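*Asks:* These protein sequences, in sequence, are chains D and F.
The first sequence stops at residue 162 when you use this note's numbering, and every number in between is there.
The second sequence stops at residue 173 when you use this note's numbering, and every number in between is there.
No lab work stands behind these hints: they were computed from the structure.
Please read these numbers as outputs of a predicted model, since none were measured by experiment.
Don't take every hint at face value.
Partial pick of chain D residues on the chain F-facing surface, computed with a CB cut under 8 angstroms [as the list claims (entries may be wrong)]: (1) Met-96; (2) Arg-129; (3) Leu-159; (4) Asn-160.
A few chain F residues that face chain D, going by a derived Cβ cut-off under 10 angstroms, partial list only [stated by the list, open to error]: (5) Phe-29; (6) Pro-30; (7) Cys-31; (8) Val-34; (9) Leu-44; (10) Leu-51; (11) Arg-59; (12) Thr-69; (13) Pro-112; (14) Val-113; (15) Gly-115; (16) Ala-165; (17) Phe-168.
We put the beta carbon where it would ideally sit given N, CA and C, even for glycine.
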Amino acid sequence: MAGGGGFVEAEAIIARIETKSTKIESLLKQYKPVEALKTALEGSPPKTLDERCKSANWIVVHRALMAIKDIEGMLNALDVEYYDILMKYLYRGLSTGDRPTCDQCLKIHEKLTERAGLGCILRCLTDTLNTV
Amino acid sequence: MANPLRLYLACIKNTLEAAMCLQNFPCQEVERHNKPEVELKTSPELLLNPVLICRNEAEKCLIETSINSLRISLKVKQADELENILTKKFLRFLSMRAEAFQVLRRKPVQGYDISFLITNYHCEEMQKQKLIDFIIQFMEDIEKEISELKISVNTRGRLVATEFLKQFM
Chain D
31 MAGGGGFVEA
41 EAIIARIETK
51 STKIESLLKQ
61 YKPVEALKTA
71 LEGSPPKTLD
81 ERCKSANWIV
91 VHRALMAIKD
101 IEGMLNALDV
111 EYYDILMKYL
121 YRGLSTGDRP
131 TCDQCLKIHE
141 KLTERAGLGC
151 ILRCLTDTLN
161 TV
Chain F
5 MANPLRLYLA
15 CIKNTLEAAM
25 CLQNFPCQEV
35 ERHNKPEVEL
45 KTSPELLLNP
55 VLICRNEAEK
65 CLIETSINSL
75 RISLKVKQAD
85 ELENILTKKF
95 LRFLSMRAEA
105 FQVLRRKPVQ
115 GYDISFLITN
125 YHCEEMQKQK
135 LIDFIIQFME
145 DIEKEISELK
155 ISVNTRGRLV
165 ATEFLKQFM
């Protein structure tokens with residue numbers, strides 16, 4: 031029963047991610063990459079174990095991240111509570127090995143560490159419950 | 005290019021500074037034993053999330069932490085066959101003398117070229133910042149060493165060939 035319930039939830043989450051991705055596409059077309067990233071990070075599935083939800087959300091966040099040109103401005107606009115989630119997605123981006131993704135993630139990582147400090151990195155390492 | 009390399013090393017440095025929080029932790033399963041938990045991976049509560057930092061498709065760095073030990077595995081860029089052989093031989097040479105380095109692992113982790121194992125004892129004897137600086141310096145120097153070796157192999161090959169072919173002129 032828990033499995034069945036989990037399945038239904040996963041479908042619901044994926045549907046939500048689909049709507050989010052269309053919203054983000056439209057924001058990117060309007061040249062608002064910061065807003066797009068905020069939307070992408072907002073609905074991050076917190077405790078899903080389903081790999082598909084995580085992959086789907088990662089694709090959406092990746093799209094928004096690659097569109098960011100002004101990193102300082104983006105970090106200024108982003109709330110502090112999103113720093114941890116952003117750092118987790120940065121590490122996921124760095125593990126892909128794809129050159130442009132890694133370049134972008136490395137740039138954002140440096141600036142984000144300056145702002146958020148080592149505690150942010152440590153929270154990513156220790157948080158085994160809410161992985162992205 | 006220097007800039008992506010600098011960012012890559014800065015990222016690894018920050019991650020290592022955060023991850024190198026080691027303390028003594030005697031083995032939970034066996035009495036009076038003290039083992040580096042990152043190597044055994046028997047208890048999931050003692051392990052942190054492993055982190056993979058890639059610079060591009062060829063170079064990456066895997067950092068795995070646990071409560072009393074930290075393992076760093078590096079994969080060095082190898083552009084062609086010659087660099088492949090040189091890297092393998094050079095890093096095997098260093099790994100066999102792991103005793104002298106103290107923090108080096110005798111065998112690299114599967115899929116990587118060289119691995120470091122840092123335990124809480126190392127952190128007690130040596131300074132954390134200096135350990136991190138050592139690893140970053142190591143990564144910078146490896147690249148320079150490999151390219152120097154490659155140049156010297158090519159030069160030697162060219163000299164030998166010229167000398168040998170002179171007798172036929």
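*Asks:* Would you check whether Phe-29 (chain F) satisfies its interface hint, that is, whether its CB is within less than 10 angstroms of any CB in chain D?
*Replies:* 15 angstroms, violated
*Asks:* Tell me if Asn-160 (chain D) is really an interface residue toward chain F, meaning its C-beta lies closer than 8 angstroms to one of theirs.
*Replies:* It is violated, given that the least Cβ distance between Asn-160 (chain D) and chain F is near 11 angstroms, above 8 angstroms.
*Asks:* Quick one, is the Val-34 (chain F) hint okay against chain D at 10 angstroms, beta carbons?
*Replies:* 25 angstroms, violated
*Asks:* Just to be careful: measuring from the Cβ of Leu-159 (chain D) to every Cβ in chain F, is the smallest value less than 8 angstroms?
*Replies:* Hint on Leu-159 (chain D): violated, closest Cβ of chain F at ~11 angstroms, above 8 angstroms.
*Asks:* A closest beta-carbon separation below 10 angstroms is what the hint needs, so does Thr-69 (chain F) meet it against chain D?
*Replies:* Hint holds; Thr-69 (chain F) Cβ to chain D Cβ min 6 angstroms, cut 10 angstroms.
*Asks:* Does the nearest C-beta of chain D fall within a distance shorter than 10 angstroms of the C-beta of Pro-30 (chain F)?
*Replies:* 21 angstroms, violated
*Asks:* Min Cβ distance, Ala-165 (chain F) to chain D: is it shorter than 10 angstroms?
*Replies:* 37 angstroms, violated
*Asks:* Mind checking the CB of Phe-168 (chain F) against every CB in chain D and telling me if the closest is under 10 angstroms?
*Replies:* 42 angstroms, violated
*Asks:* Against chain F, with CB atoms and a cut of 8 angstroms, does the hint on Arg-129 (chain D) hold up?
*Replies:* 5 angstroms, holds
*Asks:* Does the nearest C-beta of chain D fall within a distance shorter than 10 angstroms of the C-beta of Arg-59 (chain F)?
*Replies:* 6 angstroms, holds
*Asks:* Less than 10 angstroms between beta-carbons is the criterion; does Pro-112 (chain F) satisfy it with respect to chain D?
*Replies:* 18 angstroms, violated
*Asks:* Once the shortest beta carbon distance from Cys-31 (chain F) to chain D is found, is it less than 10 angstroms?
*Replies:* Since chain D brings no Cβ nearer than about 21 angstroms to Cys-31 (chain F), farther than 10 angstroms, the hint is violated.
Of the numbered hints stated above, those contradicted by the structure are hints 1, 3, 4, 5, 6, 7, 8, 9, 13, 14, 15, 16 and 17, listed in ascending order.
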